[in-house]
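**Q** All chains, please: the whole structure from these sequences, using the hints.
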Amino acid sequence: LNHKSKHVDILSSLRDSKQLAAIKTPTVEGVGGRQYLDSNFRFFKDDIPYGLLVAKALAEMLHVETPFIDEVIDWAQKLRGECFLKDGKINREYCLSTKYISGIPESYGLTSMEDVVDAHSIEDKDKEDTPSIEDVTDT
Numbered sequence: 204l205n206h207k208s209k210h211v212d213i214l215s216s217l218r219d220s221k222q223l224a225a226i227k228t229p230t231v232e233g234v235g236g237r238q239y240l241d242s243n244f245r246f247f248k249d250d251i252p253y254g255l256l257v258a259k260a261l262a263e264m265l266h267v268e269t270p271f272i273d274e275v276i277d278w279a280q281k282l283r284g285e286c287f288l289k290d291g292k293i294n295r296e297y298c299l300s301t302k303y304i305s306g307i308p309e310s311y312g313l314t315s316m317e318d319v320v321d322a323h324s325i326e327d328k329d330k331e332d333t334p335s336i337e338d339v340t341d342t
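Using this note's numbering, you'd call the opening residue of the sequence shown number 204 and step up by one each time.
Hints are computed from structural coordinates only; laboratory data are not their basis.
Positions of the beta carbon are idealized from the N, C-alpha and C atoms, including for glycine.
Hints should not be assumed to be uniformly reliable.
Straight-line C-alpha distance at most 25 Å; calculated DSS-like pairs for lysine-lysine [what the hints assert, rightly or not]:
#1 LYS227 to LYS281
#2 LYS292 to LYS281
#3 LYS292 to LYS302
#4 LYS209 to LYS227
#5 LYS248 to LYS281
Taking CB as the label site, the calculated pair distances span [stated by the list, open to error]:
#6 GLY236 to LYS209: 36 to 42 Å
#7 GLU232 to GLU268: 24 to 30 Å
#8 ASP212 to ASN243: 31 to 37 Å
#9 ASP212 to PHE244: 25 to 31 Å
#10 VAL234 to HIS266: 46 to 52 Å
#11 ASN243 to ILE213: 37 to 43 Å
#12 ARG218 to GLU317: 23 to 29 Å
#13 SER324 to ASP290: 31 to 37 Å
#14 GLN222 to ALA258: 21 to 27 Å
#15 GLY306 to GLU274: 15 to 21 Å
#16 MET316 to LEU214: 17 to 23 Å
#17 SER216 to CYS286: 29 to 35 Å
#18 SER242 to GLU268: 22 to 28 Å
**A** What follows is the structure in structure tokens.
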């Protein structure tokens, strides 16, 4: 759903979206011309560690279960030989072992939901303090 969408709900958006229909499953060609899932595609390298894993981390801070997110992360980590989740929880030892391996809040020193909210508030405050173009130009 976006501001130009004619869809009234998520289901119709997913089902009828021309943009989503244009996205093909990322594959690579293997032996004999057979197609295999490309586990080095952006979805695996970016969307999992900097999208779903962040959502999982925030949900853990709020004590919210995420069975479907867990299922996707678990599937992807098995394909790529990673270990983002262990026993259904974020494996912080793995996620924090290498810089930029994931975008979980702890990677940025944010260890609680209060830290996340405060960091966002600081960012908003910085935007408020940024002068507008009208403030810095002579009219």
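**Q** Given the hint of 22 to 28 Å, is the C-beta distance from SER242 to GLU268 inside that range or not?
**A** Cβ of SER242 to Cβ of GLU268: about 27 Å, so the range 22 to 28 Å holds.
**Q** When you take the CB atoms of ARG218 and GLU317, is the distance between them in 23 to 29 Å?
**A** Given a distance of about 39 Å, which is not inside 23 to 29 Å, the answer is violated.
**Q** Given a hint of 36 to 42 Å, does the C-beta separation of GLY236 and LYS209 actually sit inside it?
**A** 40 Å, holds
**Q** Using the Cβ atoms, figure out if ASP212 sits within 25 to 31 Å of PHE244.
**A** 28 Å, holds
**Q** What's the verdict on LYS292 and LYS302, does the C-alpha distance respect the 25 Å limit or exceed it?
**A** 20 Å, holds
**Q** Hint says 24 to 30 Å; check whether the CB-CB distance for GLU232 and GLU268 agrees.
**A** The hinted range 24 to 30 Å is violated for GLU232 and GLU268, with Cβ atoms some 39 Å apart.
**Q** Within a Cα-Cα threshold of 25 Å, do LYS209 and LYS227 meet the stated pairing?
**A** Status holds; Cα separation ~23 Å.
**Q** Is the gap between the beta carbons of ASP212 and ASN243 within 31 to 37 Å?
**A** 34 Å, holds
**Q** Given the hint of 21 to 27 Å, is the C-beta distance from GLN222 to ALA258 inside that range or not?
**A** This hint holds: roughly 22 Å between Cβ atoms.
**Q** Does the Cβ-Cβ separation between MET316 and LEU214 fall within 17 to 23 Å?
**A** Violated, since MET316 and LEU214 (Cβ atoms, about 30 Å apart) do not stay within the stated range.
**Q** Holds or violated: 29 to 35 Å for the Cβ distance of SER216 and CYS286?
**A** 34 Å Cβ-Cβ, so the 29 to 35 Å window holds.
**Q** Mind checking the alpha carbons of LYS227 and LYS281 for me, to see if they're no more than 25 Å apart?
**A** Given pair LYS227, LYS281 holds - Cα atoms ~22 Å apart, limit 25 Å.
Hints 7, 11, 12, 16 from the earlier list are contradicted by this structure; the remaining hints agree with it.
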